[in-house]
Amino acid sequence: MVSNRNPNPTGGRRWRVQAPRDRYPQDREPQPTPAPAAGAGLARAAGAVFIVNLASRALGFVRDMVIASAYGATPATDAFMVAYTLPYLLQSVLGMAFITVMVPVVTASLAQDREQEAWYLASGIFNRVALLLVAVTAAGIAFTPQLISLMAPGFAPGQAALAGELTRIMFPSLVLVGLGMLLTGILNACRVFALPAAAPAAANLLVILAVVLAGRRFWIHSLAWGTLLGFVAFFLIQWPALRRLGFRYVFTWAGDRPEVGRVVASLLPVALATSINQIYLAINRALASGLDPGRITALDLANRVLNLPIGIVAAAIATVIFPVMASQAAAGRKEELARASSAGLGLVFFLSLPVTVGMMVLASPLIQLLFGRGAFGAGATALTATALLYFALGLPALAAKMLITRTYYALGRYRVPLATGLASVAVDIGLSWWWLPILGHGGLALANSVAATFDLALLLWLVRRYLPTTSYGPVLFSLTQTIVASLVMGVLVGRLVQSFPPPAGSLALLLWVAAAALLGAAIFLLSARILRVPEISLLTRSFFSRPKG
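Count along the sequence shown from 1, add 7, and you get the number used in my numbering.
These are computed hints drawn from the structure, not numbers from a lab. A few of these clues could be false.
[Unchecked claim] Between beta-carbon pairs, the in silico distance windows are:
#1 I490 / L446: 19 to 29 Å
#2 R251 / P160: 44 to 54 Å
#3 L61 / R251: 34 to 44 Å
#4 T487 / G381: 37 to 47 Å
#5 V271 / R471: 48 to 58 Å
#6 I58 / L429: 32 to 42 Å
#7 P510 / G437: 19 to 29 Å
#8 Y256 / R472: 35 to 45 Å
#9 A146 / L61: 32 to 42 Å
Glycine included, C-beta positions come from ideal geometry on N, C-alpha and C.
Full structure from sequences and hints, please.
In structure tokens, the structure reads:
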């Protein structure tokens with residue numbers, strides 16, 4: 008049992024626990040080595056995280072298909088989407104902020120064999136965050152009507168009342184999501200990635216069961232209760248792994264520890280910067296609430312489809328490379344950090360650009376395959392496909408932002424991504440008001456894409472102030488080749504789609520979409536090989552060579 012007293016590494020008894028470095032070897036990333044030699048190893052480690060993310064996200068889409076089939080795109084689903092905004096915002100924003108600021112703090116203690124101190128610091132931060140989240144939850148429940156009016160001012164009274172009921176049911180999930188993400192941050196600091204990445208699958212499974220078993224009796228309320236229970240599972244499932252790592256919870260505020268102060272000070276700018284994409288979505292919901300019913304749901308579902316490759320591919324690369332860049336920054340190896348960041352950008356663009364083109368070409372059949380059943384009819388499919396078409400234009404920028412912001416965080420420059428993100432929000436608001444009367448809800452999605460690209464451009468321009476040796480020449484050369492290969496793929500697949508329209512029937516459509524996707528991937532890879540895109544060689548070395556050691 009861990010003592011409650013403050014561990015003092017500079018005097019008195021020296022705390023030491025058996026280091027958990029040999030546990031969960033399959034989840035641990037390779038030790039950082041100088042770039043570019045580490046490129047293949049990093050890509051291989053990212054591939055492992057990619058597989059886990061893919062499986063978890065696949066179950067998430069099964070959840071979305073079940074929800075769409077049961078409820079369609081109706082005023083009730085719009086009410087649920089608005090009520091779900093705050094839990095989703097916390098999961099996407101504060102959760103990533105916890106991971107970003109916690110990993111360096113806990114890792115620093117573990118690297119110096121001060122495991123007990125790491126658990127002490129983690130417990131102190133855990134307790135402070137728990138108190139804050141409980142207070143926010145209580146305030147949110149008390150002011151639910153005002154929150155609904157703010158998030159969806161165009162709702163009719165009955166729809167706003169339903170959104171309020173669902174919000175009160177799901178608001179306690181803020182505590183569960185926040186603390187669960189904090190546990191994820193501790194596990195990632197211990198180089199455990201697979202379990203935290205898989206934990207959302209348990210939450211998705213409970214939502215599916217709630218809709219299937221209780222959806223007819225309790226209607227949309229069963230979805231809200233299932234969401235809450237899913238977050239309970241997300242939180243609890245991570246505790247056993249922490250215990251096996253040696254973590255012992257201590258009831259303490261750790262107020263005298265400077266690390267806690269640094270975490271608290273950096274948490275706000277990181278959370279605000281991470282929330283930029285969610286601010287885009289909140290603007291979408293607010294403006295779309297005055298449109299015909301179903302537009303909010305169409306935007307939300309299309310955004311979830313967009314986030315699939317971002318959450319799987321870009322997140323895997325960023326998760327693996329962030330500790331490497333943080334280590335390079337701490338050691339003052341800025342040239343290596345610049346090379347690692349540029350290599351990561353090249354890989355992100357190489358993987359995201361063909362997906363962008365593929366989503367645009369296959370938008371309608373893809374949405375039909377994922378959601379086109381039950382109450383989700385042809386009209387809802389068309390609305391969602393339109394939103395996806397415009398959202399897809401911003402996919403490369405959103406994916407690249409996930410990596411470049413971690414370059415700033417590795418350097419301790421937490422405020423720069425926040426400043427550029429706020430500037431992009433202003434761009435998004437202006438373009439949304441301009442394009443909404445012209446393109447409808449599609450104009451909102453297009454505004455998001457342009458704003459995200461503007462944000463990325465600012466980040467890439469400013470990074471040279473902190474990494475003067477940064478060179479984008481190789482990235483631009485690779486990017487140009489990747490664009491050409493992606494366009495070749497898009498033209499050929501587009502012509503085939505026109506010649507062989509999507510069939511009716513779920514199974515036939517699944518086979519058709521799979522065949523089109525595989526054909527597109529083959530055309531892209533062949534084109535990239537002919538053009539000698541550098542990332543082709545990197546991926547070949549990663550997955551077709553035996554790791555050393």
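(message) Is 19 to 29 Å respected by the C-beta to C-beta distance linking P510 and G437?
(response) violated (43 Å)
(request) Could you check the hint for me, namely that Y256 and R472 are 35 to 45 Å apart, CB to CB? (result) Taking Cβ atoms as reference, Y256 and R472 lie about 42 Å apart, which means the hint holds.
(message) Looking only at beta-carbon atoms, does the pair V271, R471 fall within the given range of 48 to 58 Å?
(response) violated (30 Å)
(message) For the hint 44 to 54 Å, verify it against the beta carbon of R251 and that of P160.
(response) holds (49 Å)
(request) Starting from the range 37 to 47 Å, see whether the pair T487 and G381 falls in it by beta-carbon distance. (result) holds (44 Å)
(request) Hint says 32 to 42 Å; check whether the CB-CB distance for A146 and L61 agrees. (result) holds (38 Å)
(message) Taking the Cβ atom of I490 and the Cβ atom of L446, is their distance within the range 19 to 29 Å?
(response) Hint holds: Cβ distance 24 Å, inside 19 to 29 Å.
(request) Could you say whether the range 32 to 42 Å given as a hint is met by the Cβ separation of I58 and L429? (result) holds (36 Å)
(message) Assuming the hint says 34 to 44 Å, is it satisfied by the Cβ distance from L61 to R251 or not?
(response) Since the Cβ atoms of L61 and R251 sit about 25 Å apart, the hinted range of 34 to 44 Å is violated.
The structure shown violates the earlier hints numbered 3, 5 and 7.
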